[in-house]
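Heads up: the protein sequence lines correspond to chains S and C, in order. Quick note: the first sequence uses numbering that gives the first Met the number 0, first residue 0, plus one each step. Quick note: the second sequence uses numbering that gives the first Met the number 0, first residue 0, plus one each step.
It cannot be assumed that every hint is accurate.
Derived DEER-like restraints, expressed as beta-carbon distance ranges [said to hold, decoys possible]:
id, chain 1, residue 1, chain 2, residue 2, range
1, C, Glu471, S, Gly261, 55 to 65 Å
2, C, Ser617, S, Lys145, 56 to 66 Å
3, S, Gly164, C, Ala318, 27 to 37 Å
4, S, Glu101, C, Lys415, 37 to 47 Å
5, C, Leu446, S, Asp180, 43 to 53 Å
6, S, Gly250, C, Glu471, 36 to 46 Å
7, C, Ala318, S, Val219, 12 to 22 Å
8, C, Pro431, S, Ser26, 17 to 27 Å
9, S, Asp180, C, Lys418, 41 to 51 Å
10, S, Cys34, C, Lys423, 30 to 40 Å
11, S, Val355, C, Gly123, 21 to 31 Å
12, C, Pro431, S, Tyr40, 33 to 43 Å
13, C, Tyr362, S, Asp283, 51 to 61 Å
Coverage of chain S stretches by chain C, computed from C-beta distances (three or more under 8 Å per stretch; other residues unrestricted) [stated by the list, open to error]:
id, stretch
14, 70 to 82
15, 97 to 106
16, 116 to 129
Hints were generated in silico from the structure; no laboratory data involved. Just so it is clear, the structure is predicted and the values come from calculations on it, not from any experiment. Note that the Cβ used here is the ideal one computed from N, Cα and C, for glycine as well.
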Amino acid sequence: MSLETLIDLHTKNGNDEPVKYTGKDFSSDQDVRWCPGCGDYTILKQVQNTMPDIGVDKKDIVFISGIGCAARFPYYMDTFGMHSIHGRAPAIATGLKVSRPELSVWIITGDGDSLSIGANHFVQLLRRNVNVNLLLFNNQIYGLTKGQYSPTAPEGSVSKSTPYGSIDHPFNPLALSLGADGTFIARAMDRDPRHLQQMLLRTNQHKGTSMLEIYQNCIVFNDGAFELFTDKKSRPREAIYLEDGKPLIFGKNKDKGIRLDGLQPKVVSLTDGTYSKDDLWIHDEKDGTKAHLLSRFFDQHNPADEFRMPRPFGVLYAVDRPCYDEGVNSQVEEVLERKGVGDLDELLRGPETWVVE
Amino acid sequence: MDVKDLVRDEVTIRFAGDSGDGMQLTGSLFTNTTALEGNDLRTLPEFPAEIRAPAGTVPGVSSFQLNFGSIEIMTPGDACDVLVVMNSAALKANLSMLKPGGVIIANTSGFDKRNLNLAKYGEGKNPLDDGSLSKYTLLEVDVSKLTKESLSDSGLGYKDVERAKNMFVLGLLYWMYNRPLESTIKFLEKKFGKKPEIAAANIKVLKDGYHFGETAEIFSEKYTVKKAVIGPGEYRSITGNKATVLGLVAATRQSNLPLFFGSYPITPASDILHELSRLKNYGVYTFQAEDEIAAVSSAIGASFGGSLGITSSSGPGIALKGEAIGLAVMLELPLVVLNIQRAGPSTGMPTKTEQSDLLQAMYGRNGESPMVIVAPATPADCFDAAFEACRISLEHMVPVFFLSDGYLANGSEPWKFPKAKDLKKVNVKFEPPRFGESNGDQFLPYLRDERLVRSWAIPGTEGIEHRLGGLEKEENSGNVSYNPENHQKMTNLRQAKVDKIADFIPLQSVDSGNEKGDVLVLGWGSTYGSIRTAARELREEGIDISHAHIKYLNPFPKNLGELIENFNHILVPEMNSGQLVKMIRDKYFVDAVGINKVKGRPFFVDELKRQIKDALASNS
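Chain S on its own, in the form it takes in the complex:
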């Protein structure tokens, strides 16, 4: 039994035939106004290019953002969208998704938006596992307010509000997400569009809160923050791309690997004859313990350390867990099934009445 509301009646007469889109169909008529060279441009492009492949009608896609440079994103997408208030996009998205579970809901947020002012909503979203996609644009700086350090800025960061260097310990967004029992945790970067697109597709495919952190370069206030990982020269040594079921290999000539010694990850050489790729840690997206270890590959760069860990990119963790929005709706359905559609007169009447003649 179900209650056919005005929304059901309204959305029923839609076009059911799948529409073929191109990336251009998702571009709105608004001029994009980020700084020239901002990492946001490539992310926007990859999202627009990915949308035709997710198999969802444009009318059923909603982008919700908070405040910050990245938060302008919805204006540039020709879908439904809301540019809301600082840090609250996860809460708004939760209300929308619970009441309209058939929609494809995307949250666009930044490190200040999600890990500072909205950190509470961010972790609550992850623990509830609301079936939405969250793209966390991490640039380690407050851009829109013109250059203060952010909650992901490394200790010692010099910014407008930290002229003598930040003494604040930064968040590790992936470790935080795992700690909040997130069910899909991944990392990508603006400078590797192909990988970013793959990650966007995976983000969309996962049922539950999909948290994709995207390293994004702020060309004006924090240029080169992720250069180590994005620069083609240093990337092979400093970044490792995770693939489910594959050994952890990196290095310019795929000459390094990571093996597990008990619970201790170790960088090993694959060329000196001691270890082969059969000895390496095999990535398993469903292994929470290993995901925790991977999320901890987060030390500040020390070029002198020959055995330093590379920064992982790709899907660290992806598991299934019941989604909050689905739970709410099935509970409503269950009660409707058991009690039938509520009768308003019965409710108004209440349990006990008396009659005055």
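Based on these hints, arrange chain C on the given structure of chain S.
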């Protein structure tokens, strides 16, 4: 001893005891029975903020006052005729609420050395035997002992026996006021359905309390309160918070929309969340959010999707919601914000009532962000006010404040409930889809109709994909705009849209007294009963006084200015330091005078009468 049966028009009983003594339940059960007997009534529960303050101490006292009668009853009564006290602390906390010559029914086992010490009566002092209560009629009953005796064969443990003693008191009061036991017995059987031995024990104690009245020969009088002369029809008893819930559900059923309720627990609003969460089969979705901000934000998200988003709180929580409410003003989406006011500022007195958030509702957001404000006058009126808040929000695409308070929330009265078929229709239409390129113009999300209302364009509708946001909107297109002329225009439009709602609400009427005359008492919210009663009594004393009660506080009804002009004196009693009076003076340039009280308690009728007289004396 002969027991005299006297007839009374009106009686006020106050039940007081330790938080663990079950006084709220005792009061509620007496209320239900009394309502079923056809009396008019009002109640005032008062309980400590602490869940279990130290037993036996004054801060741990919980009380429940009930005023019922065969005449019109509009307040829970200033002072009580009968004060039931389960322990020494209850007497200490409540004696000032008893009329001179009133009756005290005291549970003597609550006046042992330990209890007297906990209540801090002082070494060796016992008010029951030191003559300090000589101006009252003191009836001493060892309720604890009698309950124990009543259940001596039941085999129940100490705790269960101790818990049943409020039923003894209830039975005794039923005897005193000639009330039947059936409704309470039915209640107990249902409540303890799975523990029939507990149900049986409570029923036995209830009956034994009743019989004790008959046989104990300490009571020389009992009382009859005849049925009240109230309009014919079918009635039920209802509290403000329950009526609020029914109003919200009724409005969403009338508009056939899902109700999405995002809330965070706070006193005294939490009951609304509890009640709504049980009504899933009425299309109600409840979300207990992580905080007040997420609560209101989730409601906004749901409204964007086409549900009616509602959030509730009390003062401190409303302060937290402010920014998001401003977003709803900008988005021009439906949103109903329930503020069940309590004494402030800051945490204030959570369980005590006040109406000091009117200006917060009016102005408490950044920028110019006008909002509609509706306030209920009585517990049952919460139904109409909540319904109206939803109707206006949906039909005018505007966030609406509903300002109830702790007194209304927990107080109860008989309610001649409406039939669904007699409720107003709530007209909602979503923006229709646009198929194909050729079909007409581009969709303009901020295009307005003649009421200045934009359309509700929900996701899932083909061809009207659009973006909303908190940044200033360009007129019609809704695109981001920093244009100075446009900002002026949009600011004016948002205000004009709210002002225009005055065309769609009822005109202000005079509640009692003449349409034109010397004195007009203007009230809003829960002061209704006290003002109505005070005005009636003052008219009986020969004063030319009228009473009007404002339900629509923003915008005001169109004729309010005219109505005010018909009187020489305008008095505005409020449970704050003067908020409505500011709005009235500001809007109508009239020398309105405030009568103000912030004690966490409603106005007493006598106090209000005195203050009205004083104000008139100093004003003429």
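Status of the hints after comparison with the structure:
{"no.": "1", "hint": "C:Glu471 <-> S:Gly261: 55 to 65 Å", "in the structure": "holds, 59 Å"}
{"no.": "2", "hint": "C:Ser617 <-> S:Lys145: 56 to 66 Å", "in the structure": "holds, 58 Å"}
{"no.": "3", "hint": "S:Gly164 <-> C:Ala318: 27 to 37 Å", "in the structure": "holds, 36 Å"}
{"no.": "4", "hint": "S:Glu101 <-> C:Lys415: 37 to 47 Å", "in the structure": "holds, 42 Å"}
{"no.": "5", "hint": "C:Leu446 <-> S:Asp180: 43 to 53 Å", "in the structure": "holds, 45 Å"}
{"no.": "6", "hint": "S:Gly250 <-> C:Glu471: 36 to 46 Å", "in the structure": "violated, 52 Å"}
{"no.": "7", "hint": "C:Ala318 <-> S:Val219: 12 to 22 Å", "in the structure": "violated, 36 Å"}
{"no.": "8", "hint": "C:Pro431 <-> S:Ser26: 17 to 27 Å", "in the structure": "holds, 25 Å"}
{"no.": "9", "hint": "S:Asp180 <-> C:Lys418: 41 to 51 Å", "in the structure": "holds, 48 Å"}
{"no.": "10", "hint": "S:Cys34 <-> C:Lys423: 30 to 40 Å", "in the structure": "violated, 53 Å"}
{"no.": "11", "hint": "S:Val355 <-> C:Gly123: 21 to 31 Å", "in the structure": "violated, 54 Å"}
{"no.": "12", "hint": "C:Pro431 <-> S:Tyr40: 33 to 43 Å", "in the structure": "holds, 35 Å"}
{"no.": "13", "hint": "C:Tyr362 <-> S:Asp283: 51 to 61 Å", "in the structure": "holds, 57 Å"}
{"no.": "14", "hint": "70 to 82", "in the structure": "holds (count 9)"}
{"no.": "15", "hint": "97 to 106", "in the structure": "holds (count 5)"}
{"no.": "16", "hint": "116 to 129", "in the structure": "holds (count 3)"}
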